[in-house]
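**Student:** Sequence:
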Amino acid sequence: MAEILSSSALNQLFREARSYNAFLDRPVSDDQLHQTWELMKMGPTSANQLPARIYWCKSDDAKKRLAGHASDGNKDKITGAPVCAILAMDEEFHEQLPWLFPHTDAKSWFEGDEEGRKESAFRNSTLQGAYLILAARAVGLDCGPMSGFDNQAVDADFFADQPAWKSNFICSIGYGDEKSIFERSPRPDFDRFNRIL
11 MAEILSSSAL
21 NQLFREARSY
31 NAFLDRPVSD
41 DQLHQTWELM
51 KMGPTSANQL
61 PARIYWCKSD
71 DAKKRLAGHA
81 SDGNKDKITG
91 APVCAILAMD
101 EEFHEQLPWL
111 FPHTDAKSWF
121 EGDEEGRKES
131 AFRNSTLQGA
141 YLILAARAVG
151 LDCGPMSGFD
161 NQAVDADFFA
171 DQPAWKSNFI
181 CSIGYGDEKS
191 IFERSPRPDF
201 DRFNRIL
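All the letters of the sequence shown, read from the start, carry residue numbers 11 to 207 under the working numbering.
Since the hints were made in silico from the structure, they are not lab data. Among the clues, some could well be false.
What the hints assert, rightly or not - Between beta-carbon pairs, the in silico distance windows are:
id: 1; residue 1: Gly122; residue 2: Lys74; range: 18 to 28 Å
id: 2; residue 1: Asn58; residue 2: Glu188; range: 31 to 41 Å
id: 3; residue 1: Glu13; residue 2: Thr136; range: 42 to 52 Å
id: 4; residue 1: Lys189; residue 2: Asn161; range: 27 to 37 Å
id: 5; residue 1: Gly122; residue 2: Tyr185; range: 43 to 53 Å
We put the beta carbon where it would ideally sit given N, CA and C, even for glycine.
My request is simple: use the sequences and hints to build the entire structure.
**Tutor:** Spelled out as structure tokens, the structure:
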């Protein structure tokens, strides 16, 4: 039976975790990125679709290219981070279902249904993006997720050889600079946005 996580673990994942706008000059190792993937891939997706595809921009060149497609307010958030992940979705994820979901012919559910694949890829890659943030926090890293970039330009620059891959959002990763965050914005009590029926 699962146990409730310790208060310190809950603080690290949720209560005290923040979205950072700047990062310390401290490197993130490839091993930490592998650890993040090994955790995030375990999160549930519909029929184990796992449509997320990630490019981890670590080199100055890759980050500069990515920043060139971002809004002015996001450029420094990208280039100043040790890593910036491009979280994309594979709109032809169904081609992988024979081995990812071998229990039944799930590939046939999506063949010939391009719009259904796009919707499912977006929903499930977004879920995986949330898992990425929690997984990175779990291995001791901080995140700065963002939109505010030209998706089509990013796709053309980074995924030209994978035309079915479409960017969803980007996320800077590293060790957050406490000076870069604002006072936490309001979080509502349960009764404001919830109903138990």
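**Student:** None of the hints should be skipped; say for each whether it holds.
**Tutor:** How the hints compare with the structure:
1. Gly122 / Lys74: 18 to 28 Å: 41 Å, violated
2. Asn58 / Glu188: 31 to 41 Å: Roughly 38 Å apart at Cβ, these two residues keep to the hinted range, so it holds.
3. Glu13 / Thr136: 42 to 52 Å: Hint violated: Cβ distance 28 Å, outside 42 to 52 Å.
4. Lys189 / Asn161: 27 to 37 Å: 30 Å, holds
5. Gly122 / Tyr185: 43 to 53 Å: The hinted range 43 to 53 Å holds for Gly122 and Tyr185, with Cβ atoms some 47 Å apart.
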